[in-house]
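K.L.:
Here is what each chain is made of, one letter per residue.
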Amino acid sequence: MGWQGRRVPSPGTWRHRARSVVSQLAAAGTVLVLFIYLSLASDAFITANNLINIGVQSAVVAIIAIGMTIVIITAGIDLSVGSVAALSGVLGALLVVNYGVAIPLAIIGGTAIGAVAGMVNGLLVTQAGMAPFIATLGMLSVARGLVYIVTGSVAVSGTPPEFKVLGQGRLGALPIPVLTLVLVAVLGHLILTRTKLGRYAYAIGSNVEAARLSGVPVKRYLAIVYIISGTMAGLAGMIAASRVNSGQPNFGIGLELDVIAATVIGGASLFGGEGTVVGTLLGALLIALIRNGSVLLDINTFYQQIIIGIIIWIAVFWDQYRRRRAAAR
Amino acid sequence: MTNLMRIRKASAMRVRLSVSVGCTAAIVLAAACSAVTVPGSGPSGGPKVKSSGPITVAVVPKAVGFDFWDSVRKGAQCAASKMTDVKLQWDGVTAETDVTGQVNLLQNFLTRQVDGLVYAATDAKVLAQVTQDALSRDVPVINIDSGTNPQPSNVPVFATDNIAAARKAADLLADALGPGAHKVAFIPFQPGTVTNDQRTKGFKEGLAKHPNLTLVAEQSSSSDPNTALSVTENILTANPNLDGIFAANEPGVVGATNALNQAGKAGKVKLIGWDASPDEVKGVTSGAITALIVQNPFRMGFDSVNAMMQTVRTGQVASSEDTGVAFVTKDNINDPHVQAILQPSCVNPPA
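From first to last, the protein sequence lines stand for chains X and C. Each residue of the first sequence is one higher than the last, beginning at 1 in the working numbering. Each residue of the second sequence is one higher than the last, beginning at 330 in the working numbering.
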């Protein structure tokens, strides 16, 4: 296994498309099977209310996971997303509660904090030459520390009811977190499939040297990728804060694991060069379905962890199996 | 006396050295130590007395980031501020599940030679070793909120009687729901921790006394309000005619309250909560929360630091204390004694 002997078809080619479709089919198949099973096992599963709940419950992880997908495509990783989401959430709430900032501005402010954290990650990776794992591991710690400093380690409460709109509001029948997710997903999909940024991301992840030699400004685009990831973490952090109408200092501890799991289940490869928004959405949906179904069937919390772990194994094993077969051909 | 103390210190240092040699050696030594302990005295005798001069006391919560522990801090700082020559060191890990992190933190405090250690054990069994370690260095220990297993006789516990209070939660739920059959859900927070397990035990004992209440769901919040929110939403989906919920700590209550509000079931599904963060208090006033079981964390911090001072200054080991709970409802929330617990201040400390 590893870098040698691996042939990655360049993005956009027929074989590359076929491979990511196969990968998504696996995730989609699992989602479908689980969906059918749960609708048989529980009367409450297929109700409008529950389906909306699943959508909202998956939104936070899915939004961050879309940013993470782009990072992982470049063969990078962003471990700081949980802490950054918490930082954005508490700062956004503080802006409203302590400084009387208008709520839309506070949401933008909170999200911007995420972008700044992402920029620092990007600079550490591109300018200081740190491995993404290390750079973002540092940020995981720094951002969490900042959260406790600015909040004094106490939840930021006292936000006005309008603060709830982003996480709890509805536009017609559709919950705003789900609409936000759809918007982010469409944008993410367009970026990956239709823009230079997307093409370069795949190129960098497939073979960074080749990308550099063919004139891709690797550093600039890598930095942009981490900024996107940070921004998504910031936005999701604001949604999470709005869902519980308060800035929670302990939000998002371990969230990066769910996020990375969603992208990997969706077919992204930690070796870079592969991953799609659709796959990631399926991965996030699968995790939310498992959590939802476990409660509907009153399955012990600990088993949920085991189930998610096993699904990660299966997804990665399937991925490597395809890879070996492709390489052998 | 001083010679004897020096010898004790030296032997404590030797113990430390072997600890660094290897874990196995340390465990064997500790086992040997506790085997020869004379009942009523610590492994190496009583705490060292420092009748005058500056004193440093470390106070370590289970985790920082919750209203509860912040009230403990305020109480501890209040006690320290009323005494001279006392320096308080407040530090904690960021997750109540980070047992190793807390062990390391406490060991660092011991290395820095604090005069007294006040802490809440994140894990009863694992932390027992740290307490032994402190006692063998003649550093007195007081546990707050959660003790260790075994609990040395010279380490008092300042805590809530969680089992009794959680039993009362079932009573409160039964009172709120009245006669007839009712479905209830339980949201614990961190299975495997002593406090969580005591509240679970107490609540289930309480439920057993009310056969008209059926427990239909039990899902952990992992002490995360967002998880609690999702879990409660899903419980409500699975049990559309749910009548009551008991959420056993602050994040669980915050998440459950939001879920009930969003489902339009606030006040209809009776929610009994625990702790008293501002959001929870708001829930009581709005009617979303029927009753809160409120501990007295300020008093926990205040009394334990006072007791630690006594121990360091006089060598007298304090005795354990039940710091008590209050049951806060819409009806009594403005009573002065309830307000003193909800909004503790150093000027008007809760009794």
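Take the hints with a grain of salt, since some may be wrong.
What the hints assert, rightly or not - Computed list of lysine-lysine pairs in DSSO-like fashion (alpha-carbon distance at most 30 Å, straight line):
1) 512(C) with 454(C)
2) 530(C) with 597(C)
3) 659(C) with 164(X)
4) 594(C) with 164(X)
5) 597(C) with 164(X)
6) 512(C) with 530(C)
7) 538(C) with 164(X)
8) 594(C) with 611(C)
9) 538(C) with 403(C)
10) 597(C) with 611(C)
If you are wondering where the hints come from, they were derived from the structure by calculation, not from laboratory data.
K.L.:
Now tell me if each hint is right for this structure.
P.N.:
To see whether the hints hold, each was checked on the structure:
Annotation: proposed proximity of residue 512(C) to residue 454(C) is violated, straight-line Cα distance about 35 Å (limit 30 Å). Between residue 530(C) and residue 597(C) the CA atoms are separated by roughly 26 Å; this keeps the pair inside 30 Å, and the hint holds. Distance hint between residue 659(C) and residue 164(X) is fulfilled; the C-alpha atoms sit about 24 Å from each other, no more than 30 Å. Between residue 594(C) and residue 164(X) the CA atoms are separated by roughly 17 Å; this keeps the pair inside 30 Å, and the hint holds.
Note on residue 597(C) and residue 164(X): the hinted pairing holds, with a Cα-Cα distance of about 21 Å set against a maximum of 30 Å. Taken as a hint, the residue 512(C) and residue 530(C) pair is honoured in the structure, with Cα atoms around 19 Å apart against an allowance of 30 Å. The hinted pair formed by residue 538(C) and residue 164(X) fails the criterion: a straight-line CA distance of about 40 Å is larger than 30 Å. Note on residue 594(C) and residue 611(C): the hinted pairing holds, with a Cα-Cα distance of about 16 Å set against a maximum of 30 Å.
With a C-alpha separation of about 38 Å, the suggested pair residue 538(C) and residue 403(C) falls outside the 30 Å cut-off, and the hint is violated. Annotation: proposed proximity of residue 597(C) to residue 611(C) holds, straight-line Cα distance about 17 Å (limit 30 Å).
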